[in-house]
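Chains as they are written, first to last, in our numbering: chain A, 1019 to 1289; chain B, 59 to 215.
Honestly, the hints are just simulated from the structure, not real lab data. Do not take every clue at face value.
[As the list claims (entries may be wrong)] Heads up, simulated DSBU-like pairs for lysine-lysine below, C-alpha to C-alpha not over 30 angstroms straight-line:
(1) K1213/A / K106/B
(2) K1030/A / K142/B
(3) K142/B / K1064/A
(4) K189/B / K142/B
(5) K189/B / K1064/A
(6) K1101/A / K87/B
(7) K1064/A / K87/B
(8) K87/B / K1105/A
[As the list claims (entries may be wrong)] Facing chain A, according to a computed beta carbon distance under 10 angstroms, are these residues of chain B, among others:
(9) R89
(10) F94
(11) Q113
(12) L115
(13) T154
(14) E174
(15) A178
Cβ atoms here follow ideal geometry from the backbone N, Cα and C, with glycine treated the same way.
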Amino acid sequence: MIDTIERDFREKVCESLRLVPEGYERFRVFTPFALDDGDHLSIILKHDDSDGDRWVLSDEGHTYMHLTYDLEERSLSSGTRQKIIGKALTVHGLQDRNGELLIPVEQGRYGDALYSFIQALLRISDVTLLSRERVHAAFVEDLKAFLVDHIPERHRTFDWHHPRLDPDGTYSVDCYINSDVKQPTAVFGLITDAKVSVATISLMKFEQWGLGIRSIGVFEDQESISRSALARFTDVCDRMFSSLAANRDRLEAHISELLPPSPERGSQAAS
Amino acid sequence: MDILTDREIQELIAEPKQLPTDFGLVALKTRRGSRFAGIDFATTAGNKYFIFLRQSLYNPLAFSAGLGYHLSTRDFRLKRYNGKFHEHTNPLEHETFYDFHIHMATERYQLRGNREDCYAERAGQRFGSLKDAFYCLMDDCNVVLPGPPEQRSLFRT
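Please model the entire structure based on the sequences and the hints provided.
Below, the structure is given as structure tokens:
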């Protein structure tokens, strides 16, 4: 039984692994490993005399090119994406030669080089799958940290909902600011059209209930929100910030206006 | 996740698309081992599309010319004309080939959880270069360059 399965595994992988001549000292390496659009990894084994006499496996620029179907090329040079790519290159021993990813074949160990190369290319290609979730998660963390820094603990409640009118939390708020002296304020972190629409509905519900809650909307990237969703939200939100990064000072100033005088804030915010 | 039906996909592909500028004259920029060009544009009906061109500096057969549609939540690739630089597999059809090929968005692959344009067909003799791939894209997707036909130039290479 195990032998049969093992043989099937080997046949499946090995049959899909082929080496086909494609010019002088150049071979195309076919593997069964494909990206999310069905395109297989593009791998060339070729002789390379630019850095000594050696054989290398190369993607001939395909990996980065494929990433840019979904991502801005410049976004690969910063933040989480750059770290993931850099780590994949380092861990698996790849070189980035002007956008061409390659790995030298050391001491005739072609199989080891291919194995490392494939792992690295797949890891780098996953940047497109992970990127949006990671960017969203980073924004949520950043906004929460900002609010913790600038609002005393007793004046803020994260994931707030009205205890009596909405016990199930259907119309929840990312952060509820209760200043004692001014109107309470609901803060929404806005990532997607869906989140903007939910925030719009929540604010309309608060209005219907006559809660007198003011509102702040902070977008991860306002330009990524559709016009219709943005228009509806604009009708019900009191103050919007197009992004957190570019509006930290303005958001801080606005929040300070909602809170009691600062002596209390200074000590609380430090906690 | 928005799923477009095959009918919606075909309607988008068939919609007349007049490019606002002579995209053919846009020089390809070189970055990270590839040459790049791209343009966003809207039709008179208000639908927003994008076209992109890519070509490896290391292999002239490694290229892609694509047409996409800007959904409110993400970019949706309608068609993509690829060179011959890797195998392609259609997982549902259990079919693998190594050839110039054309990716096309389908409802069935979206429902399966794949990328919308995971399905591809061999291009046959239709194109063998990025320039010809772009011509095919224009023909298939009702894309028209501005100006009289005799003055419509292709992109500088």
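Index of numbered hints that the structure contradicts, given in increasing order = none
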